[in-house]
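Number of protein chains: 2
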Amino acid sequence: MAKEKKLVEAITDMEADFPQWYTDVVKKADLTDYSTIKGCMILRPYGYAIWELLQQQMDQRFKETGHENVYMPMFIPESLLQKEKDHVEGFAPEVAWVTQGGESQLPERLCVRPTSETLFCEHYSHIIQSYRDLPKLYNQWCSVVRWEKTTRPFLRTTEFLWQEGHTAHATAEEAEEETIKMLNVYAEFCHNVLAIPVIKGEKTAKERFAGAKATYTIESLMHDGKALQSGTSHNFGDGFARAFNIQFTDKDNQLQYVHQTSWGTTTRLIGAIIMVHGDNSGLVLPPKIAPTQVIILPIAQHKEGVLEKAEEIRTRLSAVSRVKLDASDKSAGWKFSEYEMKGVPIRLELGPKDIEKNQVVLVRRDNGEKIVASMDNLEEKITSLLEDIQNNLLQRATERRDSKTYIARTMDEFEKILQETPGFIKAMWCGDQACEDAIKERTTATSRCIPFEQETISDTCICCGKKAKHMVYWGKAY
Amino acid sequence: MAKEKKLVEAITDMEADFPQWYTDVVKKADLTDYSTIKGCMILRPYGYAIWELLQQQMDQRFKETGHENVYMPMFIPESLLQKEKDHVEGFAPEVAWVTQGGESQLPERLCVRPTSETLFCEHYSHIIQSYRDLPKLYNQWCSVVRWEKTTRPFLRTTEFLWQEGHTAHATAEEAEEETIKMLNVYAEFCHNVLAIPVIKGEKTAKERFAGAKATYTIESLMHDGKALQSGTSHNFGDGFARAFNIQFTDKDNQLQYVHQTSWGTTTRLIGAIIMVHGDNSGLVLPPKIAPTQVIILPIAQHKEGVLEKAEEIRTRLSAVSRVKLDASDKSAGWKFSEYEMKGVPIRLELGPKDIEKNQVVLVRRDNGEKIVASMDNLEEKITSLLEDIQNNLLQRATERRDSKTYIARTMDEFEKILQETPGFIKAMWCGDQACEDAIKERTTATSRCIPFEQETISDTCICCGKKAKHMVYWGKAY
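If you read the protein sequences in the order shown, they are chains F and W. Numbering-wise, the first sequence is residues 60 to 537 according to the numbering used here. Numbering-wise, the second sequence is residues 60 to 537 according to the numbering used here.
Just to be clear, a hint being listed does not mean it is correct.
Copies of the same chain are indistinguishable here, so a pair counts whether it falls within one copy or spans any two.
[Said to hold, decoys possible] Straight-line Cα separation of at most 30 Å, BS3-like style, residue types lysine-lysine; simulated pairs:
hint, residue 1, residue 2
1, 347, 122
2, 383, 240
3, 383, 310
4, 122, 368
5, 142, 208
If you're looking for bench data, these hints aren't it; they were derived computationally from the structure. The model shown is predicted, which means the values in this text are computed figures rather than measured ones.
Construct the complete structure from the given sequences, taking the supplied hints into account.
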């Protein structure tokens with residue numbers, strides 16, 4: 060039991076030091092390793108397996124909504140990056156530059172893509188001629204690079220994995236519809252797959268993506284009351300189309316600029332999973348993205364028939380779940396801690412006495428509940444238990460999020476909430492950036508979004524007292 | 060019919076100009092587009108969909124053989140690249156260097172990975188301590204960059220997509236076993252999925268991977284008689300382990316160096332598919348990697364009931380195949396050419412008369428055969444037809460490969476074959492690099508591999524006349 064104790068002791072309590080708890084979980088659950096390159100992480104097998112499950116289920120949604128995957132080069136010539144003024148201003152300060160290829164100096168610097176709008180725009184200018192070529196609904200899975208000063212695994216790294224959708228449409232209405240549609244796909248995905256409730260809304264002008272006419276966001280709330288921007292969807296209008304001359308002949312034979320969107324989510328979602336569901340024993344994974352959904356631990360496995368029975372059950376359950384059997388010679392205590400740390404949704408224990416009674420013991424990772432279950436119909440039991448766990452995680456996260464969502468009517472209230480009980484703060488805003496800036500300066504909170512579901516808390520801006528335009532979600536953010 | 064004709068005319072005849080035929084097919088089948096970055100290609104939806112199918116089926120084989128996916132950073136610090144002497148000499152001349160990050164000059168240049176041995180080695184040196192940590196069986200799907208002077212879509216591009224397996228083992232025997240096992244996985248995959256027969260063998264010392272003790276290869280033969288190296292598997296022995304100090308404590312508590320392997324395949328395999336199966340009407344795709352396996356073309360689709368029936372059949376066939384219905388207002392002739400160009404295995408035609416007779420017309424892309432089939436049991440018919448096409452493509456490619464494989468007993472014979480009927484040439488070799496160099500200088504052919512299946516053509520080296528050590532496959536190569 061020495062090892063087990065050591066393992067448990069090694070995790071910082073999340074109430075004592077949340078950032079350290081996070082770092083501990085990432086490391087102890089074998090999700091990432093550090094590399095020698097500043098701010099770049101190595102995704103280890105367990106971390107990458109979560110990403111693969113997330114990717115498959117998101118990609119399926121993209122395909123169901125008519126999107127096609129492509130692959131663009133990872134380099135962007137400096138002149139191409141500079142074609143859209145706002146865009147280059149937003150990204151140029153944080154890109155990595157390739158200046159040498161092979162043994163010679165390049166005539167023009169290439170940046171390693173921080174995002175690929177410019178590459179898609181150039182390609183679209185080649186392949187779009189007629190209204191018959193529209194819409195173009197493309198997506199790309201790749202990594203991008205942004206030269207970050209401070210980094211944390213999953214939340215902010217110099218290189219990260221992501222998907223970036225890029226679409227072109229005949230009309231402004233279609234582009235807006237696509238922008239909202241994909242935000243809804245993200246929200247539904249977080250809700251149903253990651254068991255994470257999100258607030259959908261629009262970013263203020265200040266928080267917009269470089270070059271966008273409108274940026275929409277899904278915002279989630281972490282265990283520590285901080286917000287995490289979990290996915291964004293941008294409507295570019297025809298700004299990029301004008302910069303890159305992406306024109307098509309419409310049905311009336313007139314030349315028109317296309318209207319474009321882009322939308323993205325990243326490995327940051329794994330950070331959200333950790334910080335929304337995790338606890339002081341480690342990771343807690345929603346079954347839908349758990350690489351192992353059921354871990355079978357044979358008890359007294361040297362006794363006759365135990366391993367055979369465990370293997371038989373593994374085979375049966377593999378038809379309905381991602382199941383593993385750990386028959387290694389490590390102690391039961393060590394194994395319990397290990398799979399708790401890794402957030403495996405169900406632990407299945409099976410010893411000689413259980414076999415006698417034709418039963419197994421199931422332990423839920425989400426709430427610790429122990430269930431004695433018959434070996435008959437075990438497939439059905441596991442299937443429904445995984446569903447229960449998935450639903451319970453969503454419900455619990457929603458309740459926690461709601462209990463940490465506050466209304467502020469005065470700046471004093473706003474500050475008090477943020478200091479004493481951090482979370483989402485709903486407060487009215489006049490729409491002026493001056494007030495947004497003043498609130499940030501006074502409280503360190505930023506506007507998270509102008510939610511689609513508006514409420515009227517009062518008629519006046521919490522900051523300046525003038526007429527309010529919107530109810531806004533505010534909070535400290537990752 | 061004007062458009063159809065134009066489309067067909069636009070492809071160069073493969074017998075007249077094979078390289079131009081290749082370029083035409085790549086472009087006309089919408090596989091790639093050029094980007095502004097020299098030598099980088101854009102994988103368009105149809106090209107990327109082939110890659111996705113290939114990737115899924117190969118990844119499944121990796122997982123079945125116990126491998127796990129990870130993701131390493133795309134940058135390698137110059138000092139890390141230099142740790143293994145042979146390796147850096149092989150790759151340094153062809154890498155892209157990042158020298159600036161954000162707004163500052165980097166203290167050390169970073170190369171964009173040309174391959175990731177050094178990154179895996181560094182990671183392994185962190186995570187391997189004991190024999191219990193072995194073997195490590197990792198794989199990565201990513202893109203790599205090699206600064207190439209002359210490039211061609213899929214065959215040689217500055218950036219390309221690939222997978223790279225990297226494994227670490229306790230003993231030399233296990234490493235060798237893994238190296239051969241993965242070569243066999245590649246060969247089986249080419250055979251059963253891509254319908255491409257390959258020769259398995261070892262590379263000569265001259266053709267070895269930079270830093271490897273032994274390099275194994277699968278070699279395939281293109282329509283024009285040129286060879287294509289289609290996948291390689293390397294045994295590094297403990298060379299990298301010594302350079303990177305990857306040691307473990309064995310069961311007897313002794314420190315040992317690990318033995319390592321790496322193995323890779325790339326988007327080049329798509330080039331092989333084009334050049335092995337394609338014909339003068341365009342691409343011919345093996346059903347297993349065809350994004351669309353059946354294209355339904357309604358005839359006289361304005362007539363009552365035709366579209367409804369076509370849609371009904373599409374729904375039925377979607378249970379057993381990747382099927383699409385093209386109900387656009389383009390001409391039937393245009394559609395025929397388009398889907399031939401794209402290599403769709405089965406064209407299903409359906410008009411009012413067919414509906415009356417409860418039948419459809421099926422046209423095979425591989426041999427042009429027309430089959431009138433009953434609408435009853437159409438699912439079974441399509442399933443078996445797709446299998447037939449897959450098998451026929453493999454058989455045809457094998458026969459063509461065999462008919463273009465020659466035996467040379469003298470250098471004159473060797474030269475004559477290469478000039479008149481290019482293909483694989485089997486000839487004896489003494490094992491000296493001087494002879495290998497001389498053969499290349501005289502004939503432009505290179506050694507493709509020392510095949511596992513050896514034959515004795517004669518007792519003497521074809522070049523120097525001394526005692527022969529191996530029978531070698533030679534050929535001109537891409």
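So, going through the hints one by one against the coordinates:
| no. | hint | verdict |
| --- | --- | --- |
| 1 | 347 with 122 | both (19 Å within a copy, 19 Å between copies) |
| 2 | 383 with 240 | between (38 Å within a copy, 24 Å between copies) |
| 3 | 383 with 310 | between (58 Å within a copy, 26 Å between copies) |
| 4 | 122 with 368 | between (41 Å within a copy, 25 Å between copies) |
| 5 | 142 with 208 | both (26 Å within a copy, 28 Å between copies) |
Figure legend: structure checked against the earlier numbered hints; every hint is met.
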